[in-house]
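Generate the whole structure from the sequences, applying the supplied hints.
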Amino acid sequence: MKSLAELAAIREKALSNVNMRSDNDSKIRVVVGMATCGIAAGARDVLNAFSEEIAKRNLDNVIVTQTGCIGMCRLEPLVEVYTPDGNKYTYVKMNKEAAAKVVNEHLVNNKPCADLLIQEGM
Amino acid sequence: MKELSLHILDLVENSVKAGAKLIEITVTEKISDNIISFEIKDNGCGMDKEFLENVVNPFTTTRTTRKVGLGIPLTKLACEQAGGSFHIESTPGEGTYLKAAFMYDHIDRQPLGDIKSTVLTLITMREATDFIYTHTVNDKDFKLDTRELKEILGGVPFNEPDVRNWLNEYLGENIESLYN
Ligand SMILES: Nc1ncnc2c1ncn2[C@@H]1O[C@H](COP(=O)(O)OP(=O)(O)OP(=O)(O)O)[C@@H](O)[C@H]1O
Ligand SMILES: [Mg+2]
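Chains A and B, in that order, give the protein sequences. No gaps in the numbering here: position 3 of the first sequence is 3 in this note's numbering, and each next residue is one more. No gaps in the numbering here: position 99 of the second sequence is 99 in this note's numbering, and each next residue is one more.
The hints are simulated quantities; they were obtained by calculation from the structure and are not laboratory data. Idealized CB from N, CA, C, for every residue including glycine. Treat each hint with caution, since some may be false.
Below 27 Å or equal to it, Euclidean Cα-Cα: the simulated DSSO-like pairs (lysine-lysine) are [stated by the list, open to error]:
1) A/Lys27 x B/Lys150
2) A/Lys93 x B/Lys2
3) B/Lys150 x A/Lys13
4) A/Lys96 x B/Lys41
5) B/Lys76 x B/Lys41
6) A/Lys56 x B/Lys17
7) B/Lys150 x A/Lys2
8) B/Lys143 x A/Lys2
9) A/Lys101 x B/Lys49
10) B/Lys140 x A/Lys2
11) A/Lys88 x B/Lys17
12) A/Lys27 x A/Lys56
Residues of chain A clear of chain B, computed beta-carbon distances all greater than 10 Å [as the list claims (entries may be wrong)]:
13) Glu6
14) Asn24
15) Leu75
16) Tyr82
17) Tyr89
Some chain A residues judged to face chain B by a derived CB distance under 8 Å, without partners named [what the hints assert, rightly or not]:
18) Met1
19) Lys2
20) Leu4
21) Ala8
22) Lys13
23) Leu15
24) Arg29
25) Met34
26) Thr36
27) Ile39
28) Leu47
29) Asn48
30) Ser51
31) Val62
32) Gln66
This is how it looks when you write it as structure tokens:
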């Protein structure tokens, strides 16, 4: 069983790393729509898939946050990716597998997943 | 909504938006009483009587000026479809309490679903809010208070990958042991 003592050890280890974190302006932001429409469509699992993939790959230049209704309920779960160069990418109808793909191809290799991005006239 | 745990996530987001500093989430499964319920209690801004009436029954109102919310009516509907009941009370300036109860064996009762993910999501994404999570299954229970964890963490956030991992496993093991 996981113990509180382990948590204390994690804290010691983390405290020695936290200071090295760079400021938020230079990070990629992943924003998941988590209003009722998003949650009903599966946003919780998409958000957790992002967090897990990012942790697995040790990407400390990415932060995952959530927001309310992005305003296109039928395309939920919706995920916006903001890159430090000022661009915004909107991914639609996301699921866990798609989240892993966005992390690998877009966040790691800087190749946006064209097939998952919002299309004109959708 | 396919899972009770998704209703919980959605309703707790209301509490966060209402500025709650402490949110108590209680899940109770009592098979001998044929009941599963969840309760959410917050110390957010609360709602006055008239507003609350409107929120619970948005489609019975004659008002058309305000866009209606979906979260609370969806949960109420899920209760009613599963032989249960929905109760909500609120005091402006003090907070809100709601309880959603369902017949355990009702054919249209949604499964609790991935409650671990709901709790993990809330704790890691809402660092500034404290949560008390209590889950009872028959005669076993599990309780987690984020204030106690924060004391151990001394400022290291819950979304730090190692901490999040620990929490994921801690929640998973403890919730699972309720069913053994
Ligand atoms: N715990 C709470 N404390 C204070 N106000 C609340 C609380 N829960 C709900 N409300 C109020 O009731 C309104 C309706 O809530 P509801 O969840 O039904 O819809 P919503 O959050 O507005 O939109 P959505 O459809 O995305 O859920 C909220 O906008 C808020 O003003
Ligand atoms: Mg809501």
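Determine which of the earlier numbered hints do not hold for this structure and return their numbers in increasing order.
-> Hints 4, 6, 9, 13, 24 and 31 contradicted; others consistent.
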